[in-house]
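Enquirer: Each chain is listed here by its residues.
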Amino acid sequence: MSRKVVIPIGPYHTLQEEPEYYQLTVDGETVVDIDVRIGYVHRGIEKLAEAKSYDKILFLVERICGICSTSHPMVSVLAIEDIGGTEVPERAHYIRTLVCELERLHSHLLWLGLAGHFLGYKTVWMWAWKYREIVCDTFEIITGNRQNYGMMKVGGVRRDIEDEYMPALLKGMDDLLKAVDMFKGVVLDDPVLGARLRGIGVLSREDAIQYSALGPTSRSSGVDKDVRRDEPYAAYDWVKWDVITQTDGDVFSKAVVRILEMYESVSIIRQCLQKMPKGPIDSNPKEIPIGEGIAHTEAPRGEVFHYVKSDGTNSPVRYKVRAPTFMNFPTFKATVVGETISDATIILAAIDPCYCCTERITVVDAYDKKKIITGEDLIKMSQEKTKKLHKKMTGRELK
Amino acid sequence: MTRDEVLKRLKDKFGKKIKDLFEKSEKRVYITIDPKDITEFVKFIFLGIEARFITASCVDMPKEMEILYHFSVDKTSLIVSFRARIDKANLAIESITPIMKGAEWIEREIHELFGVAFRNHPNLKTLLLPDDWPEGLYPLRRDYKEEDYEARMKEKESK
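So the protein sequences, as listed, match chains A and B. So that you can map any letter, position 274 of the first sequence is 274 in our numbering, and since no number is skipped, the others follow by simple counting. Position in the second sequence (first residue = 1) + 1000 = our numbering.
Not one of these hints is a red herring.
Computed cross-link-like contacts, DSS-like style, restricted to lysine-lysine with a CA-CA straight-line distance of at most 25 Å:
1) B:K1075 with B:K1011
2) B:K1154 with A:K47
3) B:K1075 with A:K240
4) A:K184 with A:K130
5) B:K1043 with B:K1027
6) B:K1125 with A:K47
7) A:K309 with B:K1019
8) A:K122 with A:K184
9) B:K1145 with A:K47
10) A:K47 with B:K1088
11) A:K4 with A:K385
12) A:K56 with B:K1145
13) B:K1101 with B:K1125
14) A:K240 with A:K171
15) B:K1088 with A:K309
16) B:K1043 with A:K333
17) A:K309 with B:K1145
18) B:K1145 with A:K52
19) B:K1063 with B:K1036
20) A:K4 with B:K1125
21) B:K1011 with B:K1036
22) A:K309 with B:K1024
23) A:K385 with A:K184
24) B:K1027 with A:K240
25) A:K286 with B:K1024
Chain B regions said to be covered by chain A (calculated; three or more residues, Cβ under 8 Å):
26) 1023-1037
27) 1096-1102
28) 1126-1133
Note that these hints are calculated values from the structure, not bench results. Where a beta carbon is used, it is the ideal one built from N, C-alpha and C, also for glycine.
All chains should be modelled from the sequences, with the hints used to inform the complete structure.
Expert: See the structure below:
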């Protein structure tokens, strides 16, 4: 007899930001429905922005996300500049590009580490986060901070890059490239990871378009869209790079897209460091005229969109923020349903949301409301499955 | 498709239904439309021109609610925003979620924060606000006051 059980996942976890709540309905091992509730950390930033001056808004939006903390200021300055068509010096464009690409590197490495953790590949986890340190150190050299850089400013950037830092920055990129090479080997050539991730949580091209999925989530399903190329901002049309796409749409493709994107990011950063012209870094605009401004940029997780409506005063009348995860989340309806619970964690993690949620999973029997298994057990289930596969395929135990 | 071709196709298809077309810059176009035509416009740009739905943004104006539906024609680097002004006396508009699933969440958000009703939305339930949030109180409206919320919550508690 089939009996449906509801699994609530979330909402709180103290390690990561952004709690979310998933409710999986399962029939035996198979997920038959998923519902998501967000809003646990709805801080009313759009309303707060209406009471702040444009300069302060940049600091406010920087705090929307702790992981991609420059994506929001980046798109915010572009949106504010779009109102009156503010000019930005060339050097500032290059510095902006540099900061954005460094962020993509650090965010993708963070994701890779967590994906390794969920799958029971503890070494991948530790090493990914170890090499992420190189990126954080580079950030510290360029911006003075490892997180929340405060670099963006309407009309330019706040801080210049001194020539004396160049050797250290280029060396950092060399070291990082070696690490990315290693991860490429670890993930792409590992037969167990291939068996574990291929064909899991497939998002078809049609669904990706229907849900307007973004970033690596849609590019792994064969949707060839990247704002950096489609509507170049900062210095993206002055450097050579490729948009990475895959066609399978499964968790494995999503990992491939992110790993290959890291090569492009390193290449963009190197080109920026070499091509950057001397000159001013700020055009110091004095006024924001009346009007509306729209901007979108490619953050590590996909397109970020900001809309500003100005009445000519020094604070906006309306400020709208749309983060990429807002569009990627609903794709779970297409990817998780039909899969098993032990795969649910990695599918939920594959769009690279902020993770908190997936670690706090409890399975509750819908009939007597008793806890059956906890979140840690679910991650263990995912890790056990990898172990079993590993033993079956290689004959050795996975350490 | 070039930018001019996109605009020409929109003009040819809708003619007088386009109340105003404001070309803000090379990459930004705002088209004012009648709220009752929204599904027609969205169907054409999403299925015909194959633009990508970015999001919708709502602004509380003195007499009406203004919803902007932003679409990106990616290959053309153009953002087309449909401006629909809904009269506050009858705050409802046809949902576009049946055309594309990507609009489900943003319509739920606008419904909660501004109180706009989306007709024929498949799943118009709470997404962001707490479960015990008082009904009929919309936090992003201009007339929203913190005191109203507190009074309503007290009222609930005393019951």
